[in-house]
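Peer 1: Now for the letters of each chain:
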Amino acid sequence: MLDKELVVSSSPHIRDNDNITKIMITVVIALLPATIAGIYYFGFKSLIILLTTITSSLITEVIFQKVRNRTISLKDGSGLVTGLLLGLTLPPTLPIWIAIVGGVVSIGLGKMVFGGLGQNIFNPALVGRAFLLITFPVKMTEWINPVDGLSGATPLNLLKMEGIKTNYFDLLIGNVGGSIGETSVILLLLGGLYLLYKKCIDWRIPASYLGTIFLMTLLIGQDPIFHLLSGGLMLGAFFMATDMVTTPITKKGRWVFGIGAGIILVVIRVYGGYPEGVLYSILFMNGLTPLINRYTRSKIFGEVSK
Amino acid sequence: MKDKTFSFKGGIHPPYSKELTESISLTQALPPKIVYIPLQQHIGAPCDPIVKSGDKVKIGQKIGDSQAFVSVPIHSSVSGTVKNIIDFPTPTGSKVKTIVIESDDSYEICDTVKPMGDINNLTSKEIIEIIREAGITGMGGATFPTHVKLSPPPEKKIDTVILNGAECEPYLTSDHRLMVEHPQKVVFGLKAIMKAVNVNKGIIGIEDNKPDAIKNIKKIIANEPSIQDAVLKTKYPQGGEKRLIDAITGRKVPPGALPMDVGIVVNNVGTASAIADSIQKGMPLIERIVTVTGNGIVQPSNMIVKIGTPFKEVIEQCGGYSGVPGKVISGGPMMGFAQYTTEVPVIKGTSGILVINQFDAYSEIEQPCIKCARCVDVCPVGLLPIKIANYSQKSKWDEAEEYNALYCIECGSCSFICPAKRPLVQRIRLVKGEILAKKRSK
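Chains as they are written, first to last, in this note's numbering: chain A, 1 to 306; chain B, 1001 to 1442.
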């Protein structure tokens, strides 16, 4: 009897074989179709931007962990997801050094100062993008037309400034100006459905977010379909508003999050100075998430209302 | 017509690994040479020994009892001589006073063991007394004295008895084999319980991964208008008492309340079978079915083992270890207890002995919580396990209590599902202990 060799621990003694790395890889796989489409539409430069944001994100993470004497945790894949997401929200003409700054700010200010993975309040990729948008407002809003690469404008810009409405088909396939990874609605939806199928995201957030935008734009007399198909909404709804770390853990809370973000988005797009509101709508609701969690606890099994 | 399949909200689908033993017939383990019978194998007051060193005892003879209501006597599972009464480890992790008996290999049965006659001539009171005297506890693992469950205060009106044959713990197949091979004993026991609590509605709940058990039980109850079967969706923890009641009847037992508060008594199918033995043969609870299984066992089996037989003897009879054992668990992998020694005896609540080889025995390194909320989704009680575990880690007992930590049933679904491999239920257990300790000291 080798009794002294026996491992003693508290139950349960079996674990599910899913883990953080697998979840992050699933997100990357879900983003691939839209990423490839972005590179196809906006050219080789976009690939360089994506690789830059990913690399600078990962390096920033390593530096922070080295300095703080923590375990290097690159293999959890979260830095990769942040870097890729950030890159996908950038204009395809952005100077490389600005992309590097974006990666540093995303991981450094968006994630590591809070204590690393799981501790941050705001979506790191969006923190990076918000920083760049405020710091480099001109470079961050220079757009090109797909394929031909001539300078152009995004559909939301065209609507806001010139009152021109882009046709649905071009919006669906992504044949419009915009950030590298945000234009192809069909492929982003495909990725979103894959995440739903893999149970990596909760349907409640995209459903309530998109549903609110649809209803509100309809009510105030705008074209709801156009609003759903344009800008970074699909990328935001399926890949950023669903970020596990920065969104509510309760199901009711997820409804609140989606509805709140939807209202903010419509207000910004229709009445605000910016043509696009995905970024700030999600960041704002990220900030409210701890509060939402607190007030949306459901009743426990068998509990009756007091 | 297809049966309606009953279920509950939350829960997980762990790998069940029941194929190792689910089609293996029950076998009687070899009689042990020395048995170690702990004076406390149940929830409640420990027994006092009523034998002393050197006494001769026979099979089924009472060797320990208590005056307390919440307690049951213990009996000798062999005939032989009492060698000693010592402190000895039990599978639940504590050391308790244990009667050591050396068998004389004569298998003499005590005179008190005799059939109790026709059940129709027994009163409710008599049945409950037989059950107590036979030392019967819940056989699902919690080992709460059965006669206490069957004696609700008069103001609680009981209308239904549910037999729990869900056996939702992975690996375990002891209830499964019992229902396949001895369905008549299970049904007899159910009728005895129904008579004891004076109701005429009995339901046997079985998960749909045991079609042969469902078939055999259905055959026996075909002519019993007062007994039905309920096919349950295979999901862990379907066999948790409150989940089971909810799934079958739709009644929700409030937090802190008991099944009797919604008019229901739940017992395990193994308990029903033990009750059948106590009435039909007069034999107290001196043996039980133990599923011996896992990838660390050469020959996984369903054994009928005498109470008091050391784990190591049972393991040896199943071909011993295959490779180097990593963990030996009493019970199933979700709620069972890892053992530090295989000297511990099989007791009334030992539903399984699970041996996991060394490669699967170590837990993975804990990573930061990514707030995926899978623990929230699977919690059958509707708690926020991550919140409670975090408060536990920060020693914030009051906050944890405010988040209903005490209502955690410790099923382990949260720890199972966590992709960051965090020890959630383990931390909740810790905080529950702290909250209760604080309440007691007030």
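Do not rely on the hints blindly, as some may be mistaken.
Stated by the list, open to error - Derived Cβ-Cβ restraints for the label pairs, each shown as a range: (1) A/Gly115 / B/Glu1155: 51 to 57 Å; (2) A/Ile29 / B/Lys1218: 42 to 48 Å; (3) B/Gly1250 / A/Leu215: 43 to 49 Å; (4) B/Ser1395 / A/Lys299: 23 to 29 Å; (5) A/Trp203 / B/Glu1155: 43 to 49 Å; (6) B/Gly1323 / A/Lys199: 51 to 57 Å; (7) B/Ile1043 / A/Gly115: 38 to 44 Å; (8) A/Phe169 / B/Lys1218: 32 to 38 Å.
Stated by the list, open to error - Computed list of lysine-lysine pairs in DSS-like fashion (alpha-carbon distance at most 25 Å, straight line): (9) A/Lys22 / B/Lys1062; (10) B/Lys1252 / A/Lys252; (11) A/Lys299 / B/Lys1396; (12) B/Lys1009 / A/Lys251; (13) A/Lys75 / B/Lys1421.
Simulated from the structure, these hints should not be mistaken for laboratory data.
Note that the structure is a prediction, hence the values are computed from the model and not measured.
For each residue, glycine too, the CB sits at the ideal point set by N, CA and C.
Peer 1: Now look at each hint and say whether the structure bears it out.
Peer 2: Evaluation of the provided hints:
Checked against the hint of 51 to 57 Å, the pair A/Gly115 and B/Glu1155 passes, with Cβ atoms roughly 54 Å apart. Here the CB-CB span from A/Ile29 to B/Lys1218 is close to 47 Å, well matched to the stated 42 to 48 Å. Checked against the hint of 43 to 49 Å, the pair B/Gly1250 and A/Leu215 fails, with Cβ atoms roughly 35 Å apart. Checking the proposed 23 to 29 Å range against B/Ser1395 and A/Lys299 shows it holds: the Cβ atoms sit about 27 Å from each other.
The supplied range of 43 to 49 Å is met by A/Trp203 and B/Glu1155, whose beta-carbon atoms lie about 46 Å from each other. Between B/Gly1323 and A/Lys199 the CB atoms are about 34 Å apart, so this pair departs from the stated range of 51 to 57 Å. For B/Ile1043 and A/Gly115, the Cβ-Cβ distance of about 42 Å falls inside the hinted range of 38 to 44 Å, so the restraint holds. Hint check: A/Phe169 to B/Lys1218, Cβ distance near 59 Å, so the stated range 32 to 38 Å is violated.
For the proposed pair A/Lys22 and B/Lys1062, the alpha carbon gap of about 57 Å is over 25 Å, so the pair is violated. This hinted pair checks out: B/Lys1252 and A/Lys252 have alpha carbons roughly 21 Å apart, not beyond 25 Å. Taken as a hint, the A/Lys299 and B/Lys1396 pair is honoured in the structure, with Cα atoms around 22 Å apart against an allowance of 25 Å. With a C-alpha separation of about 14 Å, the suggested pairing of B/Lys1009 with A/Lys251 holds against the 25 Å cut-off.
Under the criterion of a C-alpha separation no larger than 25 Å, the hint pairing A/Lys75 with B/Lys1421 is consistent with the structure, at around 15 Å.
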